[in-house]
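So you can see what is in the structure, the chains are spelled out below.
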Amino acid sequence: MSATLDQLTDWVRRFAAEVHEHRDELTRLDAAIGDADHGSNLDRGMTAVVAALDAEPQPSAAALFKKVGMTLVSTVGGASGPLYGTLFLRVATSAGEVTELDGPAFAKALRAGLEGVVARGKAEAGDKTMYDALSPAVDALDAALADGDPLAEALRAAAAAAAAGRDATIPLVARKGRASYLGERSAGHQDPGATSVTMLVAAAADALA
Amino acid sequence: MKKLINDPADVVAEALRGMDAAHPELRVDHANRIVYRADAPVQGKVGLISGGGSGHEPMHGGFVGPGMLDAACAGEVFTSPVPDQMVEATKNVDGGAGVLHIVKNYTGDVMNFEMAAELAAAETGVDVLSVVTDDDVAVQDSLYTAGRRGVGVTVLLEKIVGAAADEGRDLAAVAAVARKVNGQGRSMGMALTSCTVPAAGQPTFDLPDDQMEIGIGIHGEPGRRRVPVAPAREIAAMLVEPVLADLDFTGPDGVICFVNGMGGTPLLELYLMYNEVAALLDKAGVRIARSLVGPYITSLEMAGCSVTLLRCDDELIRLWDAPVRTPGLRWGA
Chain A
1 MSATLDQLTD WVRRFAAEVH EHRDELTRLD AAIGDADHGS NLDRGMTAVV AALDAEPQPS
61 AAALFKKVGM TLVSTVGGAS GPLYGTLFLR VATSAGEVTE LDGPAFAKAL RAGLEGVVAR
121 GKAEAGDKTM YDALSPAVDA LDAALADGDP LAEALRAAAA AAAAGRDATI PLVARKGRAS
181 YLGERSAGHQ DPGATSVTML VAAAADALA
Chain B
1 MKKLINDPAD VVAEALRGMD AAHPELRVDH ANRIVYRADA PVQGKVGLIS GGGSGHEPMH
61 GGFVGPGMLD AACAGEVFTS PVPDQMVEAT KNVDGGAGVL HIVKNYTGDV MNFEMAAELA
121 AAETGVDVLS VVTDDDVAVQ DSLYTAGRRG VGVTVLLEKI VGAAADEGRD LAAVAAVARK
181 VNGQGRSMGM ALTSCTVPAA GQPTFDLPDD QMEIGIGIHG EPGRRRVPVA PAREIAAMLV
241 EPVLADLDFT GPDGVICFVN GMGGTPLLEL YLMYNEVAAL LDKAGVRIAR SLVGPYITSL
301 EMAGCSVTLL RCDDELIRLW DAPVRTPGLR WGA
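Here the protein sequences line up with chains A and B, keeping their order.
Position one of the first sequence corresponds to residue 1 (full-length UniProt numbering), numbered consecutively onward.
Position one of the second sequence corresponds to residue 1 (full-length UniProt numbering), numbered consecutively onward.
Pulled out of the complex, with its shape left as it was, chain A reads as follows:
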């Protein structure tokens, strides 16, 4: 099974809807260890993304994800703007000027996105960031595809891995971003970036089901 351009667009729209629905929850998580703006910032960016896609449907996967990335860089600010923006821009480059992505191409694009996040944010495993949910998700996606699972099923495994990674950020002491200023006091709180990126992976599983 391949992901069509309509399904990829639907992925982006579902992510926007999830962020909008849970914006207050994301902001609450950020208030505990950051600066109380993750939900409102990402919601503003994804609302702009949806408006841009409504105004002008994109002709290819590369164009779609480039539009998403550039819009996020231009509207979100904070750390989330460059991080999510770079993620989508790298996905765009990896995906290329195609209208369908098969399982391996989708997995390769998502890994490129992860590598973009690492390049921009310099995060490593256990730093209590979005990396801690996205990295296991990308690994799980690769593993499931290697086992011969269809993309839809592999994405469900990826979403479960992201959720587990998100939950595992709770006891961690933050070593990146504003939460790191708290030192030990950041432990006991779920990371907001890991939470929103889990929504991104879950939205992919739903859109490509």
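To be clear, the hints were calculated from the coordinates, so they are not data collected in a lab.
Hints may contain errors.
Claimed, not checked - To give an idea of the interface, some chain A residues facing chain B are shown, with a C-beta separation under 8 Å as derived from the structure:
hint : residue
1    : T27
2    : A31
3    : G34
4    : A36
5    : D37
6    : S40
7    : N41
8    : T75
9    : G81
10   : P82
11   : A119
12   : R120
13   : R175
14   : K176
15   : R178
16   : Y181
Quick reminder that beta carbons are idealized off the backbone N, C-alpha and C, glycines included.
We have chain A; now place chain B onto it with these hints.
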């Protein structure tokens, strides 16, 4: 939430409208949320740009004008501006001598300014250098944090570097002054209350009436430790001691001593604090060469203060004393 606002979503845009109306000597690009001095670009002078989240006023927009910044990019409350803004500002303040970006060390600010410098170089060919301020001794500078935050030194740096640029120095020399100021300045802050981000609608953290936070930044984030409220004399010691422990300020040329209000503390209390800080510095053998007291780098309506010391020499004192004419700082001009 009780605030003088219309709609939480419009706070930054409407405040910029007010700045524009109040200060004809400034020019505001409302679409890009950039405050310019009206005569920018100044030919032959290094352009100075800063920017950051809103909620720290008068920083940065209030420091735009002759003797200080050429432009300031305003983000949402406590959120870095986006690269498009810095690229646009860079184009418009370049008078042929290049542009210096003054960036406070926060993850979002650094990433957005990094992307802006890459884009500006690619799109405009303007020479851009960046300097990052990181003077907050409350944060342990280690591999395990995002590094020290840029706080009070940013104000002193923008003033001093503005004077250096006015003297006609080239971009590398202006950047060198900026790095020197950052290297010789240290800060420590505290909060008596939290603050409320308009879009969030409730205080960023709970702080009981009998408690205070020591080692806060400027974004309503909790500090390093929470302790019972104490007399001003003891609070001053909690702020001054870690600053003095981090750098030797006993040189013959003295320091600029900056007691900053976080937004909700009256000048009466800030001067009371200055009195305590000055006594502690005297006892420690630190000579005060110049002073600044008031709310200059704030955290919305947070009550509290910070203390910044900048080790001086003749050059820095001369640049500090040079004329400046901005909404937030104004003397000699």
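- Task: Grab the minimum C-beta distance from P82(A) to chain B and call the hint holds if it beats 8 Å, violated otherwise.
- Result: Status holds, d = 4 Å.
- Message: Let's test the interface hint: is any C-beta of chain B closer than 8 Å to that of S40(A)?
- Response: 5 Å, holds
- Query: Can we keep the G81(A) interface hint, with Cβ of chain B closer than 8 Å?
  - Reply: 6 Å, holds
- Quick one, is the A36(A) hint okay against chain B at 8 Å, beta carbons? Since the shortest Cβ distance to chain B is 5 Å, the answer is holds.
- Given T27(A) as an interface hint, is the shortest Cβ-Cβ distance to chain B below 8 Å? 6 Å, holds
- For the hint on K176(A), does the least C-beta distance to chain B fall short of 8 Å? 6 Å, holds
- Against chain B, run the beta carbon of A119(A) and see if the smallest gap drops under 8 Å. 11 Å, violated
- So, R175(A) near chain B? Judge it on the closest CB pair being under 8 Å. 5 Å, holds
- Are R178(A) and chain B close enough, Cβ to Cβ, to be under 8 Å, as the hint says? Hint holds; R178(A) Cβ to chain B Cβ min 6 Å, cut 8 Å.
- Message: Hint validation: Y181(A) versus chain B, beta carbon distance must be below 8 Å. Holds or violated?
- Response: 5 Å, holds
- Message: So, as I understand it, the hint says N41(A) touches chain B; can you test that by seeing if any CB pair is closer than 8 Å?
- Response: 6 Å, holds
- Holds or violated: R120(A) as interface residue toward chain B, Cβ cutoff 8 Å? 6 Å, holds
Hint compliance for this structure: hint 11 alone is broken.
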